[in-house]
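**Student:** So the sequence lines, in the order shown, correspond to chains A and B. Positions 1 to 332 (the numbering used here) are the ones given, in order, by the first sequence. Positions 1001 to 1454 (the numbering used here) are the ones given, in order, by the second sequence.
Calculated directly from the structure, the hints in this document are not laboratory data. Only a predicted model underlies this, so the values are computations on that prediction, with no experimental measurement involved. By construction, the Cβ of each residue, glycine as well, lies at the ideal position given by its N, Cα and C atoms. One thing to keep in mind: the hints can contain errors.
What the hints assert, rightly or not - Sample of chain B residues with no beta-carbon within 10 Å of chain A, all distances over it, derived:
(1) D1035
(2) I1084
(3) R1180
(4) R1204
(5) R1317
Said to hold, decoys possible - Below are the BS3-like pairs computed for lysine-lysine, each with C-alpha atoms no more than 30 Å apart in a straight line:
(6) A:K253 with A:K39
(7) A:K309 with A:K180
(8) B:K1059 with B:K1019
(9) A:K180 with A:K226
(10) A:K253 with B:K1443
(11) B:K1341 with B:K1174
(12) B:K1443 with B:K1361
(13) A:K253 with B:K1025
(14) B:K1174 with A:K253
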Amino acid sequence: MAVMTYREALNLALREEMKRDDRVFVIGEEVGLYEGAYKVTQGLLKEFGPRRIVDTPIAESGFTGVGIGAAMVGLRPVVEMMTFNFALLALDQIVNSAAKMNYMSGGQYHVPIVIRGPGGPAHQLAAQHSQSMEVYFYHVPGLKVVRPSTPADAKGLLKAAIRDDNPVIFIESETLYNIKGEVPEDPEFVIPLGQAAVRREGADVTVIAYMGMMYRAMEAAEELAKDGISVEIVDPRTLQPLDAATILASVRKTHRAVVVEAGAGFAGMGSELSAVITEQAFDDLDAPVERVTGVPAPMPYARNLERAKTPSKERIIEAVRRVTYANGNRSH
Amino acid sequence: MAVSKVVMPKLSEQMETGKIIKWLKNEGDRIQSGDILAEVETDKADVEMEAFGSGVLRKILVPAGSTAPVGTLIGVIAEPADDIAAVVSQAGGGAPEAAAAPAAPAPAAAPAGAGATEMASRPAAVPPQPRREDPAARTPAPAAAPTAPARPVAPALAPVQPVAAPSDGGGRIKASPLARKIAAQSGVDLRLVQGSGPGGRVVRRDVEAASAGGARPAVAMPAAAAGAEFEDRPLSQMRALIAKRMPLSKAPVPHFYVSSEVAMDRAWTLREQLNALEGQPKISVNDFVIRACAVALLDHPGVNASFQGESIRVFHRAHIGIAVALEEGLITPVLRDAHAKSLAQIAVEARDLAERARARKLRAQEMTGATFSISNLGMFDVTEFSAIINPPEGAILAVGAVRKVPVVGEDGVGVGRRMMLTISCDHRAMDGAMGARFLQDVKRLLEEPLRLLI
């Protein structure tokens, strides 16, 4: 184990996979000479050269298409979106080519591509650069969607994504690049896609959250513990395929669930999780599933409005109190 | 005609799932209340599952060999004309609304009781006891009948719930799905539970509180206005179960009664002497009666017996149920192997059982498996009474107060102590003379009480 940042963990995963498999290459804006807008590809150009670390023009649809074509003929591209909001420009390539090529070719073509970059709200990135982009992708059959919350997950899941024979959408976060954590140095440390993690064990309520919201839920859990409310936190890690079994097992234990997501709630991950829980654990529920979501509005630039739009610790605490029927300071 | 749901019963506190060993009835068979529907394998023993409702076994939802969680709908009993589609389609769903449920109250649940002044029943008619001494038993169940929940909540008998007809109307009960599931498993009647959730929703803690301490009266219950002619009090779980169980004994079991007066002078004197001994437990008159019955039962196995339909099961050990009155009903803890215990042992155990019965602290196995029961109303200065048999037991002894009465002796009239005993017997298993001979022996043992010490 070594302690490293989330950014370093991603960098290590890329380096290890590029060493392991010479079909792996990185393509995107500023990934080479500039070493990445967020320095995730630091040192890779020097180590692997310009054939495998490819700088591109500002042309998301174009270089994503290049990546898909390369994947179809046997390479394993890692496409970097400077921020995932820019993937909107490549949406047709991702949704209509990457996701469907295996199906439409009758299995003749695999598209082992990883499209990665930061998404979600950060610090005053405003309306166009703060979106929770996962919602645009996990709806599409054929795409896998990963949201890694910790440095260890960043490494283990990115390696699994690169080794996967299908297109994987891998969305990081600007706010997490500098967090530190223990990361296994074993080059064969891989976290299979589709496995949730219980981040905190508890008895009274299951809070399902990922990325920054998972850390906010942790803070809420600490505060709720003082009032005797025991919160279990489950991080799905992979949104598609979803590890429903781990989530349901937790809900069957605690009998209540709160889903937190940074994006606007309508038809979001919270809606999906709420539906899964209600369909499959109905008789175990002691309260309706609650969603804590972003306000349905574009992200404001102003710091105070940005805070108001994004789910807060206080709103998570309120939701937990509602589903545990614990009002005021009274413990359940 | 009501549709009855057959659900996987909770046969022990730990039980979470049960396996259907085999169905003893097929789809289409006509079912009488009390019929054995299936054999269920639990973590501890194999148990026969009895039907509460009558009708036709319309649907088997969990086939033999399959395992289902407690509370799962496993079958449906209804008349051929009844529409069961709605019930079947909600298989695995929550418990039904019971807003205007027809006849029966909550599912089998609280410790079964007898009439207000008589014996309580054991929580269940079927489970372990029948197999306990059966060498062919599939599972060598431990001697202490294991299958029954610990709290005085024992739905081992026929977990069949009446389903209110859809047209019944009435107020819908707001309850969380979990609360409904727990209520169905523990036999709590949601109508009697006051919900503490938003809008009065009944949630888990409400059901658990009701299950632990008897249902809180619903807020909706109209308070008795000053000067009102009457008030309707909701049934406690225990009262509801007693009301349901007792007709199941009194009606189908043909009772006969035999009474005898016992001279208690010597027993009284002996008891005073024993109780004067330092370091010895205090012994009650009832302890003498328990000991006398236990000894006599071994000599009269025909009375220590249970009618089984095709046979009569005769017990070789005397497990005596002792009725204990509670605030809202009564309960019958079982003093096991009373024939092999001394008066002092019986005194200590009986007091412990009674105290824990009043505190609702009995363990499951302490509430099942009696072969004979005793109900004593002497403390209420009752001269004599007769009790209702607690099936599947074959007899019960009703004990009156020890009274001082004028007695004609050789030298004139003196003062004697007398006590009335009345035994209620199941005429299907025994006859008047058998009951009389047993009573005669009990009388002899009490009148020559030194026999109880050897």
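**Student:** Take the hints in turn and mark each one as holding or not.
**Tutor:** To see whether the hints hold, each was checked on the structure:
no.: 1; hint: D1035; in the structure: 28 Å, holds
no.: 2; hint: I1084; in the structure: 20 Å, holds
no.: 3; hint: R1180; in the structure: 7 Å, violated
no.: 4; hint: R1204; in the structure: 5 Å, violated
no.: 5; hint: R1317; in the structure: 42 Å, holds
no.: 6; hint: A:K253 with A:K39; in the structure: 42 Å, violated
no.: 7; hint: A:K309 with A:K180; in the structure: 27 Å, holds
no.: 8; hint: B:K1059 with B:K1019; in the structure: 17 Å, holds
no.: 9; hint: A:K180 with A:K226; in the structure: 27 Å, holds
no.: 10; hint: A:K253 with B:K1443; in the structure: 58 Å, violated
no.: 11; hint: B:K1341 with B:K1174; in the structure: 52 Å, violated
no.: 12; hint: B:K1443 with B:K1361; in the structure: 34 Å, violated
no.: 13; hint: A:K253 with B:K1025; in the structure: 36 Å, violated
no.: 14; hint: B:K1174 with A:K253; in the structure: 22 Å, holds
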